Every structure is written in C-alpha cells, then in structure tokens.
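Asks: Dock chain B against chain A, hints included.
So the sequences go chain by chain: A and B.
Counting from 1, one number per residue, gives the positions in the first sequence under this note's numbering.
Counting from 1, one number per residue, gives the positions in the second sequence under this note's numbering.
Keep in mind that the hints were calculated from the coordinates and are not lab data.
Treat the hints with care, since some could be wrong.
[Unchecked claim] Here are a few chain B residues that face chain A, going by a calculated C-beta distance under 8 Å:
no.: 1; residue: V22
no.: 2; residue: M35
no.: 3; residue: A69
Quantities reported herein were computed from a predicted structural model and do not represent experimental measurements.
Ideal placement from N, C-alpha and C gives every residue a C-beta, glycine not left out.
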Amino acid sequence: MSGLMTVVSLSYLVSAACYVIGLHMMRTPKTARNGNQLSSVGMFLAVIMTFIVALVKHQASAMGWILLIVALIIGVGYGVYKARTVKMTDMPQLVSLFNAVGGGAAAAIGTFDYLSQPNGASLAFAFSFPVILDLVIGSVTFSGSLIATGKLSGHVSGKPISFPGAKILNGIVVILILASIVLTIGFPTNVWTLVLAIVASLVFGILMTIPIGGADMPVVVSLLNAFTGLAVAMAGFVIDNQVLIIAGALVGAAGTILTLQMAAAMNRSVANIIAGGFGTGDSGTADAD
Amino acid sequence: MSQELYTNLAIFVLSLLVGFEVISKIPATLHTPMMSGANAIHGVVVVGSILVALEADSPLFYVIAFIAALLGAINVAGGYVVTDRMLEMFSKPKEKPNDDKGGEQ
Numbered sequence: 001m002s003g004l005m006t007v008v009s010l011s012y013l014v015s016a017a018c019y020v021i022g023l024h025m026m027r028t029p030k031t032a033r034n035g036n037q038l039s040s041v042g043m044f045l046a047v048i049m050t051f052i053v054a055l056v057k058h059q060a061s062a063m064g065w066i067l068l069i070v071a072l073i074i075g076v077g078y079g080v081y082k083a084r085t086v087k088m089t090d091m092p093q094l095v096s097l098f099n100a101v102g103g104g105a106a107a108a109i110g111t112f113d114y115l116s117q118p119n120g121a122s123l124a125f126a127f128s129f130p131v132i133l134d135l136v137i138g139s140v141t142f143s144g145s146l147i148a149t150g151k152l153s154g155h156v157s158g159k160p161i162s163f164p165g166a167k168i169l170n171g172i173v174v175i176l177i178l179a180s181i182v183l184t185i186g187f188p189t190n191v192w193t194l195v196l197a198i199v200a201s202l203v204f205g206i207l208m209t210i211p212i213g214g215a216d217m218p219v220v221v222s223l224l225n226a227f228t229g230l231a232v233a234m235a236g237f238v239i240d241n242q243v244l245i246i247a248g249a250l251v252g253a254a255g256t257i258l259t260l261q262m263a264a265a266m267n268r269s270v271a272n273i274i275a276g277g278f279g280t281g282d283s284g285t286a287d288a289d
Numbered sequence: 001m002s003q004e005l006y007t008n009l010a011i012f013v014l015s016l017l018v019g020f021e022v023i024s025k026i027p028a029t030l031h032t033p034m035m036s037g038a039n040a041i042h043g044v045v046v047v048g049s050i051l052v053a054l055e056a057d058s059p060l061f062y063v064i065a066f067i068a069a070l071l072g073a074i075n076v077a078g079g080y081v082v083t084d085r086m087l088e089m090f091s092k093p094k095e096k097p098n099d100d101k102g103g104e105q
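Isolated chain A (complex conformation) (with noise of 0.2 Å):
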C-alpha cells in the first residue's frame, strides 16, 4: 500500500468505526443526537478522503469533475433544503424519499459498472453475482420506497390497492427477475439483461408496495431501508471499497432489527405485512391500531 493509500484507507475504517458507534448511540434518547452527529462527521471524513483519492489518482476529464461537482452541489442543496423545511408530521415520507435516491444511486453504480465491462464479455462470478444483486435490490427500493412515500404524503391513496390479476403479475415479474439473474450470472454481457433485470425489479417494487396500507407503510419504509444497505453493500463488492460494504451491511443489519421492533410495536409481523400486501392474508385489517 502506498503512503497516500495507508492513510486513506485508515481513515475510512475510521468512518466506519464512526458509524458504529453513531449508530449504538442512537438507542437512547439521551445521546441519540450526538450519536448521528459522530455518524455524520465519520460521513464527512470519507468523503473527504474519496476526492483526495480521486484528486491524485484518477485521471478524470474535466467534463467528468464538472458533472460530478454540479451533481453533488444540486444533491447537496436539494437534500438539505427539504430537510430543512419539511414539517415534523412529514418527515417519513421524507426519509423514505431519501431512502428511494439511495437505492437509485445503488442501482446506477451497478448499471455503470456493468456497462463498463466489453459487450459480450464473460464475467466472473466474483462480479456478476454482487452487480446483479445490487441492480435489483436498488431498483426495487428505489420505486418501493417512491411509492411508500407517495402513500404517505397522500399522492398515492394509503388504502392497500389490489387488482384481479396481481398474484398472477407477481408471479411473472419475479420469474423475470430470476431471469435476469441467471442471464446475468451464466451468460455474457448484454444490454438487455441489464433493461430486463431494471425494469422487472422496479416494477416489483410497486407491486410489493401498492397493496400495503398506508398504516403499516413505516414498517415497510424500514424495511426497504434495510434492502438499500444491502444494495450499498453490493455496490461496494463491485467496486471494491471496503466503506460502502461496511457500511451497508451495517445498515442492512441494524436495519432488519429495527423492522422487526417497529412491527412488534404495532402487534404485527413483517410476514404477515408484507403477505397481506400479497392478497395471502389478510390486508383489510391494514389500518388497525
């Protein structure tokens, strides 16, 4: 490891550390904010170190900076700015806003690298399985938490929506999603498995959250939070980058727990949430309390 590689790469297992122990502060009321507050500055501490990376060792265009610094100050501005603004009573449908772009940005990394590769290029499993993965996992959190946003703030209608010809519309969406892994995994690069695994999963991600009540939407909301740490943790398997898997799988776990507390909080069980949202149980109880 080369000087400038040691430090950076201390300081990101130092942002993770932060995470950690941000994250174990945050279970009592107590020291909770200060917890997000060394989360954030452990945040701030890897991002830092990424541009020093990119500054000394990538040789971008200066068309590639201008989008990225754009892309960051508009991301930047736009986040704060509704964090900022939004009204207590509104910030979950807010976080799960936040949570969709998450799984967007998860999914968008995957569909670069995968592009990266040559056109009918065998890929090794070591690749093809993460960059798979992190491409359906983020696309179905990305239109699921959409969805559950506009559930909660009232632009999709809260009461659970089902249709004749669901459960059989189900069923084809996650053979396609199957599909696309197993076209993924064993067979070369193409474009079109690339569309197919997109589209499929996103469309998954709505048929998995329409059909849920908007009472139960924070427990679905925590659940799909749980999902992108996992995209996030792919994500960084495809690009080698030990934060991002930390990271992930942190949240992937962490946030699996909390589900679990959250549905326990309001008497029911995430199976039967997410099953009811499948027409198997029974979805009309979905605003009981």
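Replies: Same frame as chain A, but now just chain B:
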C-alpha cells in the same frame, strides 16, 4: 477465491453481525429517528458515486454517473440533516418547541 474477495466477504459478514448486535432493544419513540439515521449511513453510497463518476468517458456514462452522484448526495446530506432535526427534540429541555421553520441551531 482471491485474497481481495475473501477480505471483502469477511468484512461483509462481520459487519452484518455487528449490525445485528449494535442496536438491541430501543424505545418506540426512537424508531423513526433510528430508521432515518440508518438511512443517512447508507448515504455512504455517495463515495461510490464519486469514484465511478471520475471513470466516466462517454455521454452515456456521464449521464449514469451524474444520476448516481446526484441521488447519493441527496441521500447523504438530506438524511443527516433530517435525522438531526428529529433528534433535536430529544436534546432540548421539555418545553414547547418553537415552531419557526428549520430551527437548526
């Protein structure tokens, strides 16, 4: 299996286990802030966005990289700020919260 993949896999599995243990039982009032805080942490995806953005070299890749960076930045910046606003309520002494918008002090 390459050394690199083994290292990444080990990190992944151990981080999952840390994640399962790190937040034991939490009070219901903290469910939403915790969810929001975890949401901000997966905003680390912006690091990945920066790294791929600088490899872009054609219009298609510029577009994908731009989207990745934009979405990642919204996630990370918005996520931390909104979590901090939620938690502000816990650190204040119990009094009526001022209802001026965005009281970020």
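Asks: Now tell me, hint by hint, if it's right for this structure.
Replies: Verification of the supplied hints:
Nearest Cβ of chain A to the Cβ of V22/B: about 5 Å, under the 8 Å cut. The hint holds. Hint on M35/B holds. Least Cβ distance to chain A is approximately 5 Å, under the 8 Å limit. Nearest Cβ of chain A to the Cβ of A69/B: about 4 Å, under the 8 Å cut. The hint holds.
Going through the hint list in order, the structure satisfies each hint without exception.
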